[in-house]
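Could you put the whole structure together from the sequences, leaning on the hints where they help?
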Amino acid sequence: MSDPVKSTAGRGTRRAAQARATRRRIIDAALELFQRQGYAATTLDQIAAAAGVAVQTVYFHFGNKATVLKEIVDVLAVGDDEPIPVLDRPWAQQVRDEPDGRRAMAIWLTNSRAIFGRVAPIMKIVRDAAGADAEMAAQWETNQNQRYIAHHTLARQLADKQALRPDLSTEEAADVIFTLVSFEVYLLLTDVRGWTPDRWERWMNKILADAILR
Numbered sequence: 001m002s003d004p005v006k007s008t009a010g011r012g013t014r015r016a017a018q019a020r021a022t023r024r025r026i027i028d029a030a031l032e033l034f035q036r037q038g039y040a041a042t043t044l045d046q047i048a049a050a051a052g053v054a055v056q057t058v059y060f061h062f063g064n065k066a067t068v069l070k071e072i073v074d075v076l077a078v079g080d081d082e083p084i085p086v087l088d089r090p091w092a093q094q095v096r097d098e099p100d101g102r103r104a105m106a107i108w109l110t111n112s113r114a115i116f117g118r119v120a121p122i123m124k125i126v127r128d129a130a131g132a133d134a135e136m137a138a139q140w141e142t143n144q145n146q147r148y149i150a151h152h153t154l155a156r157q158l159a160d161k162q163a164l165r166p167d168l169s170t171e172e173a174a175d176v177i178f179t180l181v182s183f184e185v186y187l188l189l190t191d192v193r194g195w196t197p198d199r200w201e202r203w204m205n206k207i208l209a210d211a212i213l214r
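Once you know that position 209 of the sequence shown is 209 in full-length UniProt numbering, the rest is easy, because the numbers rise by one and skip nothing.
Hints are computed from structural coordinates only; laboratory data are not their basis.
You may find that some hints are simply not true.
As the list claims (entries may be wrong) - Between beta-carbon pairs, the in silico distance windows are:
id	residue 1	residue 2	range
1	Arg-214	Gly-131	40 to 48 Å
2	Ala-49	Asp-167	53 to 61 Å
3	Thr-43	Thr-179	35 to 43 Å
4	Ala-134	Glu-32	21 to 29 Å
5	Gly-131	Asp-191	13 to 21 Å
6	Lys-206	Thr-13	42 to 50 Å
7	Pro-166	Gly-117	31 to 39 Å
8	Ala-19	Val-185	31 to 39 Å
9	Arg-156	Gln-18	38 to 46 Å
10	Lys-206	Glu-172	15 to 23 Å
For clarity, every value in this text was computed on a predicted model and none was experimentally measured.
Don't be surprised by glycine CBs; every beta carbon is placed ideally from N, CA and C.
This is the structure:
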């Protein structure tokens, strides 16, 4: 005789996996549509059709179009749909554990490059939509605040490693990192000026080291 507890748990696990797969199909479909035809022109009906689900399923998982876009940004920022924040990822632990400030910063920038490569195109959509959409304006502000918190964390870690210039406070270093390690600068150099991401990373290592490190 089968164990009813195990059977129920198994069904619950399968349902959770199916729900996660459905959410990911919706996210992937929405990303393609947002990039191809823009945020404003994309409807939830179109997203549902592209994902092969009913529009009610999109509403059930996300509620509205703005939340779909927020989930896209979150997934692209970390590279998957695991519920693990950026600063809890293994590479962030490597930054914390690395005693040398320059090497710690280099690890951070290598991963920043990977994140920008994934998220910069969709952040252009968020930025452009923010001017006419209150929810997108709030999303833009949230993304900026999250980015500042992450860069303040790096600045504090560099200070703890005695790596910052003695004339710089942690807050000043965080402001410099926040400004330079931004998707705007990344896009200006890689998208407008044609730099490779590798060249951006090499340059950013040098300019940040000159600006904030001993």
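Each hint tested on the structure:
1. Arg-214 to Gly-131: 40 to 48 Å: holds (41 Å)
2. Ala-49 to Asp-167: 53 to 61 Å: holds (58 Å)
3. Thr-43 to Thr-179: 35 to 43 Å: holds (36 Å)
4. Ala-134 to Glu-32: 21 to 29 Å: holds (25 Å)
5. Gly-131 to Asp-191: 13 to 21 Å: holds (20 Å)
6. Lys-206 to Thr-13: 42 to 50 Å: holds (49 Å)
7. Pro-166 to Gly-117: 31 to 39 Å: Cβ of Pro-166 to Cβ of Gly-117: about 35 Å, so the range 31 to 39 Å holds.
8. Ala-19 to Val-185: 31 to 39 Å: holds (38 Å)
9. Arg-156 to Gln-18: 38 to 46 Å: holds (41 Å)
10. Lys-206 to Glu-172: 15 to 23 Å: Roughly 19 Å apart at Cβ, these two residues keep to the hinted range, so it holds.
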